[in-house]
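**Q** Top to bottom, those sequences are chains E and X. Start counting the first sequence at 446; every next residue gets the next number (the working numbering). Start counting the second sequence at 34; every next residue gets the next number (the working numbering).
Keep in mind that a hint or two might mislead.
Taking lysine to aspartate or glutamate and the EDC-like style, the derived pairs with C-alpha atoms no more than 20 Å apart in a straight line are [claimed, not checked]:
1. E/Lys-551 to E/Asp-529
2. E/Lys-551 to E/Glu-462
3. E/Lys-513 to E/Asp-545
4. E/Lys-513 to X/Glu-137
5. X/Lys-46 to X/Glu-115
6. E/Lys-487 to X/Glu-115
7. E/Lys-446 to E/Asp-472
8. E/Lys-551 to X/Glu-117
9. E/Lys-551 to E/Asp-484
Since the hints were derived computationally from the structure, they do not count as laboratory data.
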Amino acid sequence: KQEVTQIPAALSVPEGENLVLNCSFTDSAIYNLQWFRQDPGKGLTSLLLIQSSQREQTSGRLNASLDKSSGRSTLYIAASQPGDSATYLCAVRYSGGGADGLTFGKGTHLIIQP
Amino acid sequence: EAGVTQSPTHLIKTRGQQATLRCSPISGHTSVYWYQQALGLGLQFLLWYDEGEERNRGNFPPRFSGRQFPNYSSELNVNALELEDSALYLCASTNPTSGRDYNEQFFGPGTRLTVL
């Protein structure tokens, strides 16, 4: 079964720390992997998309890596700020016989303490 | 450039009724995806429409259906509503001509459906 798992489920850190969110997926046959943030009761904001042929993508203080062989992705957030508090979701678009939509993890609920 | 829009923001229905949710994609995007985010279940893929056709669906019963109009906007219909259909319904759009490896999905703000 094609699944996505995110660890940890929740994380609370003081402002200014660098942090890493983890995502694992069960099948290396993917088109791409996307990281999103979701604020309470809101829609999703796309942060980064990594194509299957890429190893990492960067946007500002965010860096995402992709290792298809081990089925892992990490989202690195540098110099965290209170405004980074949100739920971060990892989603994979599987290419091997899936339903063609994104398969999401349950998310990491991140709190940055001022 | 306007993002993905959805209406209504909130919808309250009773068991057995039908609900209709609407989505307008980003200009130039021809593919629309629907997802359900129910409490405790996470985000689950519902339906995919492209060029007016249903291309694929997730593991949901047939009472979840929809359509895509010539202007690429889309409608999700949920018949015979059940209490467990209460959820945030999210719509996403993408431009499939950019290739499947780079099919970044952009999401709307969602419709909160409450079934009483």
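**Q** All the hints need checking, so say for each whether the structure fits it.
**A** Taking the hints in turn, this is what the structure says about them:
1. E/Lys-551 to E/Asp-529: holds (18 Å)
2. E/Lys-551 to E/Glu-462: Roughly 23 Å separates the two Cα atoms, so the pair is violated.
3. E/Lys-513 to E/Asp-545: holds (18 Å)
4. E/Lys-513 to X/Glu-137: holds (18 Å)
5. X/Lys-46 to X/Glu-115: holds (10 Å)
6. E/Lys-487 to X/Glu-115: Between E/Lys-487 and X/Glu-115 the Cα gap is close to 23 Å, so the pair fails against 20 Å, i.e. violated.
7. E/Lys-446 to E/Asp-472: It holds: about 8 Å lies between the C-alpha atoms, which stays within 20 Å.
8. E/Lys-551 to X/Glu-117: The hint holds at about 18 Å.
9. E/Lys-551 to E/Asp-484: With Cα atoms ~14 Å apart, E/Lys-551 and E/Asp-484 stay inside 20 Å; holds.
The structure shown violates the earlier hints numbered 2 and 6.
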